[in-house]
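Residue numbers (our numbering), protein chains in the order written: chain A, 4 to 115; chain B, 12 to 124.
Because the hints were derived from the structure by calculation, they are not lab data. Just so we're clear, the structure is a prediction, and the values are computed from it rather than from any experiment. One or more of the hints may lead you astray.
Below, simulated SDA-like cross-link-like pairs (lysine to any residue); rule was C-alpha separation at most 25 Å, straight line [to be verified]: (1) A:8 with B:73; (2) A:102 with B:79; (3) A:102 with B:50; (4) A:59 with A:81; (5) A:102 with B:39.
Label pairs and their calculated CB-CB ranges [as the list claims (entries may be wrong)]: (6) B:25 with A:73: 47 to 55 Å; (7) B:25 with A:63: 42 to 50 Å; (8) B:21 with A:62: 30 to 38 Å; (9) B:20 with A:112: 23 to 31 Å; (10) A:44 with B:106: 19 to 27 Å; (11) B:78 with A:98: 22 to 30 Å; (12) B:62 with A:45: 22 to 30 Å; (13) A:73 with B:72: 27 to 35 Å; (14) B:23 with A:45: 17 to 25 Å; (15) A:72 with B:65: 32 to 40 Å.
Listed next, the stretches of chain A that the computed footprint assigns to chain B, with coverage defined by at least 3 CB atoms under 8 Å from CB atoms of chain B [as the list claims (entries may be wrong)]: (16) 47 to 58; (17) 105 to 115.
Beta carbons are placed, not taken as given, at the ideal position from N, Cα and C, and that holds for glycine.
Listed below, chain by chain, are the residues.
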Amino acid sequence: DQQVKQNSPSLSVQEGRISILNCDYTNSMFDYFLWYKKYPAEGPTFLISISSIKDKNEDGRFTVFLNKSAKHLSLHIVPSQPGDSAVYFCAAITSGTYKYIFGTGTRLKVLA
Amino acid sequence: NAGVTQTPKFRVLKTGQSMTLLCAQDMNHEYMYWYRQDPGMGLRLIHYSVGEGTTAKGEVPDGYNVSRLKKQNFLLGLESAAPSQTSVYFCATIGGSSYNEQFFGPGTRLTVL
Numbered sequence: 004d005q006q007v008k009q010n011s012p013s014l015s016v017q018e019g020r021i022s023i024l025n026c027d028y029t030n031s032m033f034d035y036f037l038w039y040k041k042y043p044a045e046g047p048t049f050l051i052s053i054s055s056i057k058d059k060n061e062d063g064r065f066t067v068f069l070n071k072s073a074k075h076l077s078l079h080i081v082p083s084q085p086g087d088s089a090v091y092f093c094a095a096i097t098s099g100t101y102k103y104i105f106g107t108g109t110r111l112k113v114l115a
Numbered sequence: 012n013a014g015v016t017q018t019p020k021f022r023v024l025k026t027g028q029s030m031t032l033l034c035a036q037d038m039n040h041e042y043m044y045w046y047r048q049d050p051g052m053g054l055r056l057i058h059y060s061v062g063e064g065t066t067a068k069g070e071v072p073d074g075y076n077v078s079r080l081k082k083q084n085f086l087l088g089l090e091s092a093a094p095s096q097t098s099v100y101f102c103a104t105i106g107g108s109s110y111n112e113q114f115f116g117p118g119t120r121l122t123v124l
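Extracted from the complex, chain B is given alone in its bound form (with noise of 0.2 Å):
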């Protein structure tokens, strides 16, 4: 079992570029989430989705799009990056009726120049 794995790994964009994040969990869990970490700012949730084919805003929605077309996959969109995008951003699932433990992925290191 992988869990929860992330791509890329790294990534350097140039202002207004876009790209996609892809997140893929291999335990079925039905609920994935994707965060960015920054600085000072902890862990803020950007989109989350509480199964295929659906999608909510979290608390920093602004900027990116999300769409869970597999239960499997969940994908993260920046249509026209902006430095203020450089961060950490971390993918999370949970399953079952339990709220215990988010499991996370590795991470994706973004930096827009």
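Looking at chain A on its own, in the form it has when it is part of the complex (with noise of 0.2 Å):
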């Protein structure tokens, strides 16, 4: 039972346009969620977090949105650079429990 789900495994875009990132989870009692960026050889890194008290978060060019009667999150990306090409986890979690879920992953390629 995937509790948190990408259902798009791959995503291109063009240099300078936006890039949307999707991840869906199901279990209701997630109150916190995160993004991560993963280069291939290496470990993920964090990119930026919600609380399911905010329905948006802003870092320079990174948003998430919260839309929690959707029990959907959305990453945003603008304006996207060759630079950003990596593969990115979404990852949800219960206050208390420090038990993260992840997403499948989706893997994004900025076109220069």
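If you follow the hints, you should be able to join the two separate chains into one complex; please do so.
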């Protein structure tokens, strides 16, 4: 039972355009969400997060949107750069558990 | 600061052999995790530890054992390796009361023949 889903395995975007990566979850107890970026042969690195009490969090070119009623979050990257080409994982957690559940990942390719 | 290190980086085992993967951290973090990454499956939690001497099962714990005898080290053991355990294994840590930012190690690529 996949509690966190990323239904798009891959995405290609032109440099300078917006990249939108999506993530859906089924467990209504999740109250904190994170995005990680992973380059080949490296461990994932933290990108941005959002608490369930917010619906938007912004950090530079990266913005995460949370729609609790739809159990959906998205990561927007504007403008996209070739260095953003990586696999992006969303993750979710319930406060007090410290047990992170990850999605299957979306491979983003930004074309120069 | 080395952050999170994993030993070894690569390993090839035969079915039935045993091995131990070591994760070491120098950030004095309380929480440590072992994940496996497989194509199309994302990162799946194997076991985790909320402090020295404690461990707990994650999503896919079968076939693995762990120990956290020292705060800075988290060991993942395979007693009798199976081809289904061919994967890339990542260790991660988190400290403090924030849920942000798990710090990941570089990974161990394990192949079981």
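Against the structure, the hints come out as follows:
{"no.": "1", "hint": "A:8 with B:73", "result": "holds (23 Å)"}
{"no.": "2", "hint": "A:102 with B:79", "result": "holds (17 Å)"}
{"no.": "3", "hint": "A:102 with B:50", "result": "holds (22 Å)"}
{"no.": "4", "hint": "A:59 with A:81", "result": "holds (15 Å)"}
{"no.": "5", "hint": "A:102 with B:39", "result": "holds (19 Å)"}
{"no.": "6", "hint": "B:25 with A:73: 47 to 55 Å", "result": "holds (48 Å)"}
{"no.": "7", "hint": "B:25 with A:63: 42 to 50 Å", "result": "holds (48 Å)"}
{"no.": "8", "hint": "B:21 with A:62: 30 to 38 Å", "result": "holds (35 Å)"}
{"no.": "9", "hint": "B:20 with A:112: 23 to 31 Å", "result": "holds (26 Å)"}
{"no.": "10", "hint": "A:44 with B:106: 19 to 27 Å", "result": "holds (25 Å)"}
{"no.": "11", "hint": "B:78 with A:98: 22 to 30 Å", "result": "holds (27 Å)"}
{"no.": "12", "hint": "B:62 with A:45: 22 to 30 Å", "result": "holds (27 Å)"}
{"no.": "13", "hint": "A:73 with B:72: 27 to 35 Å", "result": "holds (32 Å)"}
{"no.": "14", "hint": "B:23 with A:45: 17 to 25 Å", "result": "holds (21 Å)"}
{"no.": "15", "hint": "A:72 with B:65: 32 to 40 Å", "result": "holds (37 Å)"}
{"no.": "16", "hint": "47 to 58", "result": "holds (count 4)"}
{"no.": "17", "hint": "105 to 115", "result": "holds (count 4)"}
When each numbered hint is compared with the structure, no violation occurs for any of them.
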